[in-house]
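The listed protein sequences correspond, in order, to chains E, U, Z and A.
Quick note on numbering that gives the first Met the number 0: the first sequence kicks off at 0 and runs consecutively.
Quick note on numbering that gives the first Met the number 0: the second sequence kicks off at 0 and runs consecutively.
Quick note on numbering that gives the first Met the number 0: the third sequence kicks off at 0 and runs consecutively.
Quick note on numbering that gives the first Met the number 0: the fourth sequence kicks off at 0 and runs consecutively.
Hints are computed from structural coordinates only; laboratory data are not their basis.
Quick reminder that beta carbons are idealized off the backbone N, C-alpha and C, glycines included.
You may find that some hints are simply not true.
Now the in silico label distances, taken between C-beta atoms and shown as ranges [as the list claims (entries may be wrong)]:
| no. | chain 1 | residue 1 | chain 2 | residue 2 | range |
| --- | --- | --- | --- | --- | --- |
| 1 | Z | Gly42 | E | Pro252 | 19 to 25 Å |
| 2 | U | Arg25 | Z | Pro49 | 45 to 51 Å |
| 3 | A | Lys194 | E | Glu328 | 29 to 35 Å |
| 4 | E | Asn282 | Z | Glu46 | 55 to 61 Å |
| 5 | Z | Glu46 | E | Asp320 | 36 to 42 Å |
| 6 | Z | Arg253 | E | Lys247 | 51 to 57 Å |
| 7 | E | Asp308 | U | Asp308 | 44 to 50 Å |
| 8 | U | Lys227 | E | Tyr271 | 40 to 46 Å |
| 9 | E | Gln275 | Z | Glu46 | 23 to 29 Å |
| 10 | Z | Glu200 | U | Ala313 | 32 to 38 Å |
| 11 | A | Arg175 | U | Glu244 | 16 to 22 Å |
| 12 | U | Thr344 | Z | Glu46 | 38 to 44 Å |
| 13 | Z | Arg253 | A | Lys194 | 39 to 45 Å |
In silico PhoX-like links for lysine-lysine, alpha-carbon gap of 25 Å or less [unchecked claim]:
| no. | chain 1 | residue 1 | chain 2 | residue 2 |
| --- | --- | --- | --- | --- |
| 14 | Z | Lys252 | E | Lys253 |
| 15 | E | Lys247 | Z | Lys121 |
| 16 | U | Lys253 | A | Lys322 |
| 17 | Z | Lys322 | A | Lys252 |
| 18 | U | Lys247 | A | Lys38 |
| 19 | Z | Lys322 | Z | Lys252 |
| 20 | E | Lys56 | E | Lys227 |
| 21 | U | Lys261 | U | Lys247 |
| 22 | E | Lys183 | Z | Lys322 |
| 23 | E | Lys291 | U | Lys261 |
| 24 | U | Lys247 | E | Lys183 |
| 25 | U | Lys261 | E | Lys183 |
| 26 | U | Lys253 | E | Lys183 |
| 27 | Z | Lys38 | E | Lys247 |
| 28 | A | Lys252 | U | Lys247 |
| 29 | E | Lys183 | E | Lys163 |
| 30 | Z | Lys252 | A | Lys121 |
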Amino acid sequence: MGLGREDLLQVYYFMRLTRAMEDRTRTLFLQGRVVGGVYTAQGHEATTVGAAMMLGKDDFIVPQHRDLGMHLVRGTSPRAVMCQWLARGNSPTLGRDGQLHIGDIHHGIAPSISMLGESLPVACGIGLTMKMRKRSTIVLAGFGDGAANTGPFHEALNFASVQKLPIVFLIENNGYAYSTPNNKEFAIENLADRAVAYGIPGETVDGNDVLAVIEAVERAIAHVRSGKGPALLECKTFRVRGHSEADKADYVPKELLAEWLKKDPIQRFERYLSEQGILTPENKAEIEQKVKAVVDDAVRFAEESPAPDPATVADYIFAPDGPIAIVGEPGASDSHYVNAIDTRTGEPFTTISNAPAQLHAPKTVPEEVGRR
Amino acid sequence: MGLGREDLLQVYYFMRLTRAMEDRTRTLFLQGRVVGGVYTAQGHEATTVGAAMMLGKDDFIVPQHRDLGMHLVRGTSPRAVMCQWLARGNSPTLGRDGQLHIGDIHHGIAPSISMLGESLPVACGIGLTMKMRKRSTIVLAGFGDGAANTGPFHEALNFASVQKLPIVFLIENNGYAYSTPNNKEFAIENLADRAVAYGIPGETVDGNDVLAVIEAVERAIAHVRSGKGPALLECKTFRVRGHSEADKADYVPKELLAEWLKKDPIQRFERYLSEQGILTPENKAEIEQKVKAVVDDAVRFAEESPAPDPATVADYIFAPDGPIAIVGEPGASDSHYVNAIDTRTGEPFTTISNAPAQLHAPKTVPEEVGRR
Amino acid sequence: MSEVTYLEAISQAIREEMRRDEAVFLLGEDVGTYGGAFKVSAGFLEEFGPERVIDTPMSEAAIIGSAVGAALMGMRPIAEMQFIDFIASGFDQIINMASKMYWRSGMPVPMVVRGPSGGGTKGGPFHSASPEAWFFHTPGIKVVVPATAYDAKGLLKAAIRDNNPVLYLEHKLLYRMPELREELPAEDYVVPIGKAVVRREGQDMTILTYGAMVHQSLKAAQTLEEEDDLEVEVLDLRSLAPLDREAILESVKRTNKVLIVHEDTLTGGIGAELAAILSEDLFEYLDGPITRVAAPDAPFPYAPPLEAAYLPDEEKILTAARKLAAY
Amino acid sequence: MSEVTYLEAISQAIREEMRRDEAVFLLGEDVGTYGGAFKVSAGFLEEFGPERVIDTPMSEAAIIGSAVGAALMGMRPIAEMQFIDFIASGFDQIINMASKMYWRSGMPVPMVVRGPSGGGTKGGPFHSASPEAWFFHTPGIKVVVPATAYDAKGLLKAAIRDNNPVLYLEHKLLYRMPELREELPAEDYVVPIGKAVVRREGQDMTILTYGAMVHQSLKAAQTLEEEDDLEVEVLDLRSLAPLDREAILESVKRTNKVLIVHEDTLTGGIGAELAAILSEDLFEYLDGPITRVAAPDAPFPYAPPLEAAYLPDEEKILTAARKLAAY
Ligand SMILES: Cc1ncc(C[n+]2csc(CCOP(=O)(O)OP(=O)(O)O)c2C)c(N)n1
Ligand SMILES: Cc1ncc(C[n+]2csc(CCOP(=O)(O)OP(=O)(O)O)c2C)c(N)n1
Ligand SMILES: [Mg+2]
Ligand SMILES: [Mg+2]
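The task is simple: from the sequences and hints, build the whole structure.
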């Protein structure tokens, strides 16, 4: 692998930012300021951040509802995220949709929907396009143990394997689908074994150990990028909070929860970084300050943002006529293309951070950060 | 295993009957007497007949479009089948539907639809009922290699494995889904390997060797009947004719076809039976005569049957009110139950042969014919 | 007896039917240990055991398909969609397997598919569906939508006892609405499928509506009486398939003006079919254009100001009713 | 130039668009080696190669979902359903993924879902679907149904070039109908989505129809002229979403009587919406009840006598038209 000191601190920063964003979202929820339910992913940070950090500049993510970590690494703006939770009129969905149902295809992020599993066929379409356009880019598609039992999961993995599509299918097995524990969801030990059904490599890894995740994702990416087809990776983690903030999750055995809380991925990584002398009280404080500043900025921005205009309620049903750019090809961002800007508003898309005086890390990590 | 002489002749009889029924159907099609397309299964007979022969009296089948062999073994009336092809008013669907889309749940046959794969969740519902009602019966669900790539396949096998439902999932891998060869359908060698994805036993067997099929099905049934959950069995066979009679199938390499034609399951079984001295010119002639009589009778019956009455075109949308029997429980055939007779006509159901002077073998084989 | 909510009425219906008839069982995501996302089946697992209260994987086709298979066996499954929006993932089982089964085979499929529908709960585009239009257009499935606790219980019992697939749409905004609490009969009762009910009598105009919109319509009718001296009849359809043509025609024949109110989007909603029936059958009775108040032809939005603008309400009904009355 | 069939027109549209724009590609079951179940794409694999003519496994959700993903990437996928009936197995991808994408994200999804629809070919209940009602009710997807070879080509080109999901319903009874052969323009052309066309002018009555029923309606109109001295206007809707309200209202304002003919089942078909629009907007213009001729509310039957009884035809149109004319 060979991540350098700065890379590791970057990983740590994004894990902390993810956690802090979610903590603040929860506070906002308790204050009654969030619209609708809140789904967070405490415990997933090693998986979501670790995996996304391994992508190259032009790679794609197809994230799900608990993948804030992936989003942030790939450049989704914390402001956009907070605008989503607060249903602001300038959120990426213009207040039409909530949660992390956002993305910017020009920056390699496909927006998800609530129907879990249904993003996986979409990932195939992105992979097909890469194949048709002879690219060496890949797709990282995240989803839960629950989604692994849906029809679209099967159709997508099968189709991807036949077409040798460049997709890393990443199962974030957090032990439960809502209240339903793994043993009521499927009858096998490791979901990665499903790789056998598609003739693709499968691996199960400790999803709370960010270095292990990084290594496993690196292996999967190496396979996928070589043109040999998709790979399936299962990161075993745990949902240490309720399914949503409204769920007390008293169906989770206390000891099991306690055990997993002890395995908190951020604390573990912190310990490692400290032992290695990479994380010091000084740079830790710096990171915390930066994290706080980003979160504060996002919340402030969202709170100052306008509500959507009810007069627009019937608008934006159809995209206008005009040329469409093939995403990722030269000139694709030329504004004469209908998909180059947000034609609903006539403004640039707002999912990705692109404020010049941006508070947090650059929106894309250096190409293949792990490959030194 | 230990099938006796009579059992083996019975197997042979049903294989021959299946082939003869389809040959005749094809003739009728060429004469323009069949309504719509014709789907036959030359080459599948060892699989469909062999598998169905291993079921006990109260077991169920959930067959698909090429499973005439299963149907006939389990008692579906050749007359009913021919009435379907000729779209007669007294067909089991009253001319509403065609092909083998018929069944009689009281006799353990669930009717299929054209949407392949969708019968597998239905098989789960039958299995769940057996489990709830504490029965030792099982379900045999047949389907193609194509259906193994549908969402419902995955959802059904997974649900069945979690619930430990008594279902033998039988893939009839005939090399193609319409014009699409296995290698464009999936990226693995044996579809039975998909068992790994569900933690259930999987086995691949030569689907043109009826004795091998019988043994493998026996193993699968033993597992399933013991309460350990479902099993997946792949019978490798070949569709030696077109997808439908309208399909010349010139996409099938000639040598491949020739190879499989040589493996014809009936000829193979015939050779075996002759070598063993079980099939003699005398009893063979007798069987052929019986087969011909059954087919002739079925065709004659169908041809003499009335067309549906167009005045009924908007009828039969909803079942009437009244008590419903739980199928298979004592008294379930009492005619005060809405599901005991065909309330569309007020007559008994017609899928299963129950004419007193029945021409062919009894509608159910002795309980677990193979277990001696 | 105490007053119960709409949600408790649903819960009672299932529990009582499961006690009465061992053929009845419940399957769906999180219906067992958790008692359902909205706690409709809280305590059921303990009472009926895991074979009759089945926690399933996240597999809508398997849930609905299993219901079909069990129904063929003479069981009376209740398949829960955690939110009714997810019915789109098990759609084919309803359209091609369940709805055509009796017609094709003579074998009944007594099953219920139910789940929380409707908006007003900040659910956004994937948790606010009114999916009725796909299904009242589909021959072979019945569609019911209760508006009161009494109907919630009685219609669900009727649905469970029906020998056909029934889509039972419970409106989640009504689940715990205090105004809907009512005392229910101690004895067993059903509300027959296919029968509308007059919620308020009047002779100046008929409002045809159902579900949560019944309550908005009643408020509007009250205001119209108070402020406009109009006597507006409110007919709660309750059943969208089959429709109670008789009750609909009878009312409109008397009032000669008709306003249709539904939460589903305008184009191709049940209002379209009602308008078609009325304009064909009651052409000579109509003293004003058949008027529809419905959600705009847009997906269901998330932000509260958009949701408020999207959903029909008393205000919008009043505006339309006044225009129609003045015609 | 020679005359081409409706099927060849479809084939030409795809081929020309694939030549013109490398973003266009085709995926579906048996579309490659086999050239499609109806040979629409015969020869395409040879011309465009397996990356742009993709034989898929039998996986409708993967087919449609892949189309969505590629469309997000700026490609213009054409997803073929081998028979349009199978769209029910990929339903959620259309409803929740494709149709809401632009509205939610501002990112267009330029894709076509197409396949053989309609009856009259002895296809029975699973190969004769008219699925339009599920989709014209769904905001965010366009629905077109060509009735002629010219329109088949022009509408498909328009659909491929459209920046939104378009459901293109080709009627398989028309595929090779000799009467529909026509010479097509040598130059590139499109038929704009959302525009109806008058197929026959008249002032006594308007027939609103589309697809295969255009031809039955034209026959009926001819007979009505010859035998009843009636001038019946036949408006081919062509596009069911969006509807060409202007053309519809303009025609009915002139004729004052309207007969709606569709092959889809009656309840909740497009006829319902048309009746609702007309009875609301043209209340004062109607000189007779809005009349619908449609399939009965039953699944599509297999046996020829049933199929004949089921489908609207010249006879049924004549009966209804004469009754309406006499009103
Ligand atoms: C197709 C579908 N069915 C049902 C639901 C309702 N639902 C929301 S989250 C959830 C559990 C998801 O579990 P998993 O995939 O493991 O993701 P997790 O929430 O555990 O990260 C369910 C059943 C859904 N979102 N999508
Ligand atoms: C869900 C679905 N999609 C598409 C079709 C169209 N179709 C009919 S048969 C067939 C191939 C089926 O292949 P397989 O399952 O291997 O069965 P076989 O015909 O080879 O026995 C296809 C694609 C269908 N019947 N069902
Ligand atoms: Mg999970
Ligand atoms: Mg096959």
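Hint check:
| no. | hint | in the structure |
| --- | --- | --- |
| 1 | Z:Gly42 with E:Pro252: 19 to 25 Å | 20 Å, holds |
| 2 | U:Arg25 with Z:Pro49: 45 to 51 Å | 50 Å, holds |
| 3 | A:Lys194 with E:Glu328: 29 to 35 Å | 33 Å, holds |
| 4 | E:Asn282 with Z:Glu46: 55 to 61 Å | 58 Å, holds |
| 5 | Z:Glu46 with E:Asp320: 36 to 42 Å | 59 Å, violated |
| 6 | Z:Arg253 with E:Lys247: 51 to 57 Å | 53 Å, holds |
| 7 | E:Asp308 with U:Asp308: 44 to 50 Å | 60 Å, violated |
| 8 | U:Lys227 with E:Tyr271: 40 to 46 Å | 44 Å, holds |
| 9 | E:Gln275 with Z:Glu46: 23 to 29 Å | 56 Å, violated |
| 10 | Z:Glu200 with U:Ala313: 32 to 38 Å | 34 Å, holds |
| 11 | A:Arg175 with U:Glu244: 16 to 22 Å | 18 Å, holds |
| 12 | U:Thr344 with Z:Glu46: 38 to 44 Å | 41 Å, holds |
| 13 | Z:Arg253 with A:Lys194: 39 to 45 Å | 42 Å, holds |
| 14 | Z:Lys252 with E:Lys253 | 65 Å, violated |
| 15 | E:Lys247 with Z:Lys121 | 21 Å, holds |
| 16 | U:Lys253 with A:Lys322 | 61 Å, violated |
| 17 | Z:Lys322 with A:Lys252 | 22 Å, holds |
| 18 | U:Lys247 with A:Lys38 | 13 Å, holds |
| 19 | Z:Lys322 with Z:Lys252 | 20 Å, holds |
| 20 | E:Lys56 with E:Lys227 | 21 Å, holds |
| 21 | U:Lys261 with U:Lys247 | 19 Å, holds |
| 22 | E:Lys183 with Z:Lys322 | 56 Å, violated |
| 23 | E:Lys291 with U:Lys261 | 75 Å, violated |
| 24 | U:Lys247 with E:Lys183 | 47 Å, violated |
| 25 | U:Lys261 with E:Lys183 | 47 Å, violated |
| 26 | U:Lys253 with E:Lys183 | 48 Å, violated |
| 27 | Z:Lys38 with E:Lys247 | 13 Å, holds |
| 28 | A:Lys252 with U:Lys247 | 54 Å, violated |
| 29 | E:Lys183 with E:Lys163 | 32 Å, violated |
| 30 | Z:Lys252 with A:Lys121 | 42 Å, violated |
Consistency with the previously given hints fails for numbers 5, 7, 9, 14, 16, 22, 23, 24, 25, 26, 28, 29, 30, ordered from lowest to highest.
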